[in-house]
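**Student:** Chain residues, written in single-letter form:
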Amino acid sequence: MEPAEIIQHSGGVIGASWLMIALPLLGAAVLLLGGRKTDKFGHLLGVAMAVASFVVAALAFIQLLGFAPGERRRGVELYDLIPGIAKVGLLVDPLSISFCLLITFVGSLIHIYSIGYMAHDPARRRFFAYLNLFVAAMLVLVLADNYLGLYVGWEGVGLASYLLIGFWQHKPTAATAAKKAFIVNRVGDFGLSIGIFTIFATFHSLSYQGVAEGMAKGGSIPATAIGLLLLLGACGKSAQLPLQSWLLDAMEGPTPVSALIHAATMVTAGVYLVVRSGPIFQATDTAQLVVTIVGVATLLAGAIIGTAKDDIKKALAGSTMSQIGYMMLAAGIGPAGYAFAIAHLITHGFFKADMFLGAGSVMHGMNDEVNMRKYGGLRKVMPITFVTFFIGYLAIIGFPLLSGYFTKDGIIETAMEHNAILGWLAVLGAGITGFYMSRLVFMTFFGKKRWEADAHPHESPAVMTWPLIILSIGAIVLGAFLILGNRFMLFLSPAVGRPEELPSFHPFSTTGLATLALVAVGVVFAWYRYGSAEVPGVAPRGSFLTAFARRDLYGDALNEALLMRPGQWLTRLAVYFDNRGVDGLVNSLAALIGGSSGRLRRIQTGYVRSYALSIFVGAAVLVGAWFVVGNL
Amino acid sequence: MNGTIQAPTLEYAQLAPMLVVFGAAIVGVLVEAFAPRYLRSAIHVPITLLSLAGAFALTIWQVVKGVPTKPAAMGAVAVDGPSLFIWGTILVLAFVSVLLINDEDHFVAAAAAVPGSAEEEQALHEGAGHTEVYPLALFAVGGMLLFPASNDLLVMFVALEVMSLPLYLLCGLARRRRLLSQEAAVKYFLLGAFSSAFFLYGTALLYGYAGSIDLAKISAALGVVGGQETLLYIGVAMLGVGLLFKIGAAPFQAWKPDVYQGAPTPITALMASGTLVAAFGALLRVFWVALGGLDWNWSPVLWAVAILTMVVGAILAITQTDIKRMLAYSSIAHGGFLLVGVVATGAAAGQNSKALSAILFYLVAYGFTTVGAFAVVTMVRDAGGEAWHLSRWAGLGKRSPLLAGIFAFFLLAFAGIPLTSGFFGKYAVFQAAVAGGATPLVIVGVVASAVAAFFYVRVIVLMFFSDPAADGPSVVLPSRGTAAVVGVAVLATVFLGVFPQPVLHLAQNAAQSLFIR
Amino acid sequence: MTTHYLVLSALLFAIGGVGVLVRRNAIVVFMCVELMLNACNLAFVTFARQNGNLDGQIIAFFVMIVAAAEVVIGLAIIVTIFRTRRSASVDDASLLKY
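Going line by line, the protein sequences match chains W, D and H. Each residue of the first sequence is one higher than the one before, starting from 995 at the first, in my numbering. Each residue of the second sequence is one higher than the one before, starting from 200 at the first, in my numbering. Each residue of the third sequence is one higher than the one before, starting from -9 at the first, in my numbering.
Keep in mind that a hint or two might mislead.
Some chain W residues close to chain D (C-beta under 7 Å, calculated; not the full set) [what the hints assert, rightly or not]:
#: 1; residue: Ser1591
#: 2; residue: Arg1595
#: 3; residue: Val1602
#: 4; residue: Tyr1605
#: 5; residue: Ala1619
Hints are computed from structural coordinates only; laboratory data are not their basis. By construction, the Cβ of each residue, glycine as well, lies at the ideal position given by its N, Cα and C atoms.
Chain W on its own, in the form it takes in the complex:
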């Protein structure tokens, strides 16, 4: 089934959906420009703007549901930026509204959580300003009805991410991590921008509608090239191989940031891009194949990295990579996978934000200690954090009837049907997930206390625990709600299309049982290693495999050898060429212009009579020229 036509819409909440973007942007502007005067109420304003944005999103969602499914793609035209080339418009359709609800809802909860988490930070106002800025930019990204708008949002979230990773810029590690994230993302953005140029050159339009129409019309379209370029952009933003290395370092940012940006929303923008560009990817098997391969490779790599990390946030970051790999895999399959990709994205947004915030709560109680080897037995002192984290844990490993069970299983089943090798690799990934997540939970909440002497763990305040509780409820029920009866697939189909034959949910399929069995093996093995046994306070040397995983699979070394070194050579070469060749040319040209300027300005003698002469001569020339032209 093809996506529906876009209907121009005005009035109602959808017509005013720009408010979703404008409100947090206003919040950011007030907080950044208002300076210290807004210190007192800054956090409250930030929360209010995020919540208000959610309310608008929810109302727009309700209005959207009022239309027949075929009429649920509503375009909202704001203004013509460059007549005939770039219109600024929004597209409110099932896909974008799903993202809006996720971003504003989880975003609001994380704003609220941050009131408690950042309570003692002197720069709390600035933090909320950046968070608001992020929400606004992310909404631009998903609401734009064209690639240019998407790019603006894409760079906007990149900026917000940079600012927030380096929020504690007094820490050199944070400053470096922020730069690394920015630079690695540049590589991806480079691909994206060239992809967008190619789109414009091919279709003479940047709107999704125009691209879809152009694809339908056919002709010679470099779909594979565009698809791969867009994928490069997606890899950068979503930390997929080979541009994954920044995400682990990004954990230097405050934990709410890791939860919102580097788990629930921003890093999933790549998946959004691939799904939104469906018409292009569906026309090219090669690009789709590459997307699925990237997805599978990343889901395994992320999982392996997750097994070896002792830093609780880095372990979670590895897991994020891995889960986005699942989404990417599904998004590469086509209409059959889109709904599962987005559904998993939403449930993952909930349970991963839940766990990140839980990790934040643990750190909050443990003097910002992140090393899991110094945790242990925390379930008794932090009961709410433990219960909510445990729910998130069950959801991610795919414990039956929780969110992850439905959405991840959907992806694995679809992948299995698409290509058995990919399917079995995805099953293997699920097993590893079971192991490393269990390891994390056992090391943190079970076993003996391995705390530092000065640690006095305690439960976090209500403003931090309530968001955890709400997120964990989502982690329990959302999967079933979305997947059972193909509810989400039908909802999404006007925006992205759907397979001819709707999938049906089989609780006891071979694949499902195999997945469960492997996960169970993983959990038991983790219990044997980390639950029942003593966990050493210092990490043992381990095998070369462990070392391999600890070094992020030598991702940095690889980057260094493959990108940085040749890059440095290239820049050196370019500098040499620039100095000798280009500069020589430019400088002599500049000298020429400068010299002629220096000489020409002598015409301006300062004598009024010579000015009058120039007028007189000019008039004579004008008269003569007119004669010549007139008599031609």
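Dock chains D and H against chain W, hints included.
**Tutor:** Structure of chains D and H alone, referenced to chain W:
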């Protein structure tokens, strides 16, 4: 019919904006004559600002009521779409410039006193000031309103003089650097009078050719009257001299740098924005209404003028060391870019309303940015008054980052960087020119823009990447008026750069109704 | 025969124009400009006769008034600079250049 004189009919409603401005100017003269000295300023400022605001409201009212389709005042004045758009622009720019003028220490205490004499000392001591600047400015604004709206050449000549004469005086009234200021006034006056004599002689020849000075009748006579093409050619060329002089197009640009530099900065702002807008309005009207129907193509000459103007403006600006002078050359270059648009209106595409709307948009965008830039110049001062020399601006970014940032923003807008108003102005004009078949001209324009970008960026580099001079200028705390001017200019530059559509739309509507004949 | 008048007017205009270029005294320069305006007037009146309507003669009156206004302004400016510089030579006023 013979022997009886028919009373002329005047459409007061259509002329109301001008009447308000001229009326307020006359009231200002009376205030000057009868009000005690200490009260004058307090009376002038509200009268001036209110009359400009009132005239603006009347202009808007006119637009809402429906743009007139026939010339007013017995065919002497044409209040049409472009006129109304230009009026609105001029009135807003004039309002903003008057806020700058309101900072009274720009003006000399007693113009008649010899600089440095005891007389001047005394006048300064008494706190005297030339409050005449307000009525003079109003007269000039009134002339600017009439200039682009005049539908016959005599009215246009009178408007030209009404606009210019007060400006000649205003140029000579700077409080500091009075020698330069007076020199600017003399130069501007002599050259202005010289060029308007050309304008008038052109008018006489066209009158001889067509038997009328009415633009529409001249247009009607084209092609009908035979055997007198000589009169037509010389007449049009000389008329062109007068108009191109006001625009500052090469080779008639020589006055601009000297006058812009010497004049009091608020007056420079008024001239660089208001006069330029008015002069382009008049130029378009003459070339469109009177000469639109020429069966021979006048655009090759304008091509040459446009190219020369862009090149001269951009190249000479590079080696300038005085900020006001540099902005003056930049204004010349921008005049050249606008002439590219004028060429497009007459090019193969015929009467191209797209080019017209592009010019109108460019004028608004450039007007606001230039007023803002000169407002910033008034704020950077040292012991001798405003610090004009560029070396004094070194390191300003470190001393007062906000002001330097704003100025850098204006410069980027001049250079036409995206997300500033300058980008869309240039884009619209160049696009219209390409559509009108003037691609080579656009290429020259783009190259000139690139050269121009160099000297804009050079100032930015100077402000932010040089070490401040030890005794560098200080930035004065702006008065409310100046701060408002800078604020309005920044907002307009941002707004037109991000949301150009409303103004572009307005300009398109104005251009659609075209110039009436 | 109106041609003679036109030729005279052109001559006067040219003399005025050349005068502006060659004379140094600001007052004389200004008088040359006035001469150019009067040349225009002559042309207007001539064309009025040639065209057989009165417009040109009326225009001449307007021009005279404008010229008078110009004199007022011009003399004010020239006198001011003369008082400052003790010289009415236009060549002395050349501080602003390049």
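**Student:** Now tell me if each hint is right for this structure.
**Tutor:** Against the structure, the hints:
At about 4 Å, the closest approach between the beta carbon of W/Ser1591 and any beta carbon in chain D falls short of 7 Å, and the interface hint on this residue holds. A cut of 7 Å between beta carbons decides the hint on W/Arg1595: the least distance to chain D is about 5 Å, and the hint holds. The interface hint given for W/Val1602 is met, as the beta carbon of that residue sits about 5 Å from the closest beta carbon of chain D, less than 7 Å. Taking 7 Å as the C-beta cut-off, the interface hint given for W/Tyr1605 holds, the closest approach to chain D being about 4 Å.
Interface restraint check for W/Ala1619: the shortest CB-CB distance to chain D comes to about 5 Å, inside 7 Å, so the restraint holds.
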